[in-house]
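Participant: Given next are the chains, with one letter for each unit.
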Amino acid sequence: MDWSTIMWWVMAAVTVIPAVMIVLSKDIVRLAFWLLASLTGVAGLYILLGADFLGFTQVLVYIGGIMVLILFGIMMTNRDAVLMRRGETTGGAMLTGVVIAAATALALLKVVKDTKWKEAAPVEMPATTARVGEALLTDYVLPFELVSVLLLIVLCGAAYIARRRPEET
Amino acid sequence: MTTPYTLVDWVLGDGAGWLARFIGAILVWAVPITGFVSFVGLLSIWLERKISAHIQCRLGPMEVGPHGALQTVADGVKLLAKEDIIPADADRILFAFAPMLAFAGTIVGFAVVPFGPGLIVADLDIGLFYLAAVGSLEAIGVIAAGWASNNKWSLFGSVRAATQVVSYEIPMGLAFVTIAALAGTLSMVGIVEQQQGWIANWFLFRNPFTWVAFIIYYIAALAECKRAPFDLPEAESELVSGFHTEYSGMRFAIFFLAEYAQMYVVSAVAAVLFLGGWYTGIAPLDAAIGGGTAGMVVGAGVIVTKSFLLVCVQMWLRWTLPRIRLDQMMYLCLKVLMPFGMLTLVGSTVWEHFLPSPAIVKDGGGWTGNTVMTGVVVAAIGTVALVAYVRSVIRATPSLRAASNS
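Top line first, the protein sequences correspond to chains E and Z. Take 269 as the starting number for the first sequence in the working numbering and just add one per residue. Take 602 as the starting number for the second sequence in the working numbering and just add one per residue.
The set of hints was computed from the structure by calculation and includes no laboratory data. No experiment lies behind these values; they were computed from the predicted model shown. Some hints here could point you the wrong way.
The calculated label-pair distances, taken between Cβ atoms and stated as ranges, are [unchecked claim]: (1) E:Ala305 x Z:Leu620: 22 to 32 Å; (2) E:Ala305 x Z:Pro688: 22 to 32 Å; (3) Z:Gly850 x E:Thr273: 33 to 43 Å; (4) Z:Gly893 x E:Ser416: 39 to 49 Å; (5) E:Leu337 x Z:Ala782: 23 to 33 Å; (6) Z:Pro923 x E:Leu337: 23 to 33 Å; (7) E:Ser416 x Z:Leu681: 48 to 58 Å; (8) E:Gly318 x Z:Ala621: 21 to 31 Å; (9) E:Gly318 x Z:Val973: 42 to 52 Å; (10) E:Ala370 x Z:Leu681: 48 to 58 Å; (11) E:Leu337 x Z:Lys936: 18 to 28 Å.
A few chain Z residues facing chain E, derived, Cβ under 7 Å [as the list claims (entries may be wrong)]: (12) Phe730; (13) Ala734; (14) Leu787.
The beta-carbon is built from N, C-alpha and C at its ideal position, and this holds for glycine as well.
So here's chain Z without its partners, still in its complex pose (with noise of 0.2 Å):
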């Protein structure tokens, strides 16, 4: 396995004891990710009242700081300093260990998610692999939540927390078998590289198939987030607030911190697979940045903007969206994902193997016959989905329904 460069090599110097790494890769890796978590937190809720508030034509929070932009920092401390309450009947060590579990199945994640070039903390020849294999230990954390709460709503709200991640896993790994058998390799870094260029070599854009499988992932990232519309497990309207129901104060906050760190994670996840990673998109920008510390600063602002802005429109469907049930999460998963998911890998496959890409062209070609056919079928796919989507939204209004019909 060749050791890739990193942070932890450059400030260290060549021929550090394994101690030194070890400290090393705490304070260069472990302690700025934890304080990113933090911030895209504080972010992220302060974007959610904010985007939520404007969706709802309401204003959010807009007394603490410019805009209501401290808010977050004044119920963080609020919520520290409230009681830290734990049922008289739960199950006390796994109620603590809980929320910890949730935060270290997430944040492990981290691991394997560019920065920027060379940010990362370790290109893993695996790494997407990784991703899928980490994907789900949130959930045992939720899990465990909602079993040591001995309370019934949160008990419900872990079940369905544990049918949905390990339903919605599988057509999300089809998404990534999808990319992975395109890219010919399961390191972010190789993957985004892969991508360099004319935004034409992004993989969104490589073939009809991967548009789809975009979709796909997007819709099962949702889900493995718990966002809405499959925010099942804590539905407010059935379950209280489902397996966090019992938690308060800081234990809570664990759990909020969690999910947010999750939706940055897939989003980033998304915008290395399918949205060309840290590169502009701009062939001729990209070359002029060149590498080095700007290339470095450039590309870390170009990921982390692809990422919120995917966290944005995560948000942008929660308040847009009505919760699905049950048996319509299980449908969406069994019956409409996972067969298209499938169809999306045999699809992609065949669509390389008989009109092949050219090779990756470092010099910013990729503007092909093979580019405007994947754009013409995109668009026919887009317009008869978009028919459909129209036909459906009248049949199911009367009022629509009656004006069309006579």
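Isolated chain E (complex conformation) (with noise of 0.2 Å):
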């Protein structure tokens, strides 16, 4: 085993341990933990892939960004409420997700395994900052305004709905 399989089985387990630990955790805070363990890995996959800029926008956005939201929005809550949630799952519901997980698992490894794989040699991979970058200005410079615009206006209507009423005051 090289290097890069040694890394890529330490990520999968680091994203794919953590995500059982979701479903099987009952505290809501351990949860958004083993949550952003989750997320760490999927950027640490990416990373492998060669796509750097992409690993550390994950990191970025949804560590540094809605994890910490997340962790906020769970700390407004009250802590006796949020532990006497514990133990609610019923036997029928834990039932369903068995088996629509079952189900889920074998389609894929059925496409998995009818899939033609093509092996391909290990190339060196570029850099991709600047191509991303190029891109986003010339190509994809429509695309990337319209998003921008979209998420500008979200912004404003979260401002809106947040915003203090003046009758309310």
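Mind docking these for me? Both chains are given alone in their own frames, and the hints should help you get the complex.
Facilitator: As structure tokens, this is what we get:
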């Protein structure tokens, strides 16, 4: 086994084991920290695939931004109320979940087995950042700008909803 | 991706197996950097005590070692020997995990901080972006600490930390983008190499807008480090000591070390982005030193000195300015730093388009009409800012206001 294969297994474990723990965990804060580990694993897999920019975007957006906001939201809830929600999953729901998960896993395994995979020689990965930047400002400038405007609208909308109305003060 | 020449290659030679390279990387980089972080912690804590003491007309620690230089070592021994207390209702696993996460989140930043020419763990192609990405990892450790302590003061502290870090990432990112647009690269080594030559080539003096970007970056960095005047997450007078109220002994020491390590990281990044990295700013001197081992040693000395000077400025600010309120903190970020950050980005690119700086002059030119103009504009902005500051001080001080009205 070479270096990248070992790292792949490590990253796969870091992604999958916390993902299972998210499902099994009943403490909402622990769950958020398992999600953190899982997202880190996904970022590691991106970087192993040579998509370093995408990998660190994952860290910046999901771990640095969304995870902090999720934790922020959880802290606004009442700690006792959160802890009292333990053990509410019923047997029926558990059974349904297991069946659906098993069916999906079987279907995916069949796809993996039946697909004729092409073996490609490993290539030296060129740096992606410069090409991502060029693509965003040349070929994809219109979608890029549209997404920016959309996000701006979302931002304004959120600010409007969160704003204190004059009559409430 | 070109494999950069690294110390590991130099030590092991080419063709070493991955396991040898992995262990080599730990021995060559991880161990010395952890040692360096401890050294930074020791030195900064001593400096902080001395600087705060002298600002307040005291002597500070004087007993242990010359001028109290060994006081921090003595305190470290005390912290190691202290009982490790975990509150009864705390989330024990998260409580133990939080300081590790905070420390690890800080120390990963050292991966792209250069210590001199060739002295960098990994000259990543996306170094600056990496820094922006890992910059908020420490906050997650702080949030975990606040939650796991099961203490209202801790929780308030970590909610404040979360707000602050998420908000100030944006102006900091805008300052990063301003420099990245000028440098045309995100690699830390690439950014430093563009500032070779005379001091006028430093990005700080490249155009008037980068000057503003530096101030924006430095304020945002203070907030990211949770340093005064942004020490709301641990405000002693309101929250006991914020997110680490329940921490004692070694776990507390690790939070403390993480804070000082982060102060060094943000200062070193400021030195790289704006203050010429390992270049002295005197072109003939740099040329005389040359590359090789001499260049490495001098370069390391220069960049560490610059970083420590900026750390000292952080301490100076801490003991000069009062803590701001939560609403003032949000106001400063959203209504002051962000608009100015966007203006800086646009202004800097427009300036470079119409008044392009000469291509980086290797032989130490760089003093052009553009430099002079930058100086004039910076001096003008500085004067206006000074006048505005003096006016606001006069307005806020009743006795001075009466004197100026009469």
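Participant: Hints first: check each against the structure and report whether it holds.
Facilitator: Going down the list of hints, with the structure as the test:
no. : hint                            : result
1   : E:Ala305 x Z:Leu620: 22 to 32 Å : 25 Å, holds
2   : E:Ala305 x Z:Pro688: 22 to 32 Å : 25 Å, holds
3   : Z:Gly850 x E:Thr273: 33 to 43 Å : 42 Å, holds
4   : Z:Gly893 x E:Ser416: 39 to 49 Å : 47 Å, holds
5   : E:Leu337 x Z:Ala782: 23 to 33 Å : 28 Å, holds
6   : Z:Pro923 x E:Leu337: 23 to 33 Å : 29 Å, holds
7   : E:Ser416 x Z:Leu681: 48 to 58 Å : 52 Å, holds
8   : E:Gly318 x Z:Ala621: 21 to 31 Å : 24 Å, holds
9   : E:Gly318 x Z:Val973: 42 to 52 Å : 46 Å, holds
10  : E:Ala370 x Z:Leu681: 48 to 58 Å : 51 Å, holds
11  : E:Leu337 x Z:Lys936: 18 to 28 Å : 21 Å, holds
12  : Phe730                          : 5 Å, holds
13  : Ala734                          : 4 Å, holds
14  : Leu787                          : 6 Å, holds
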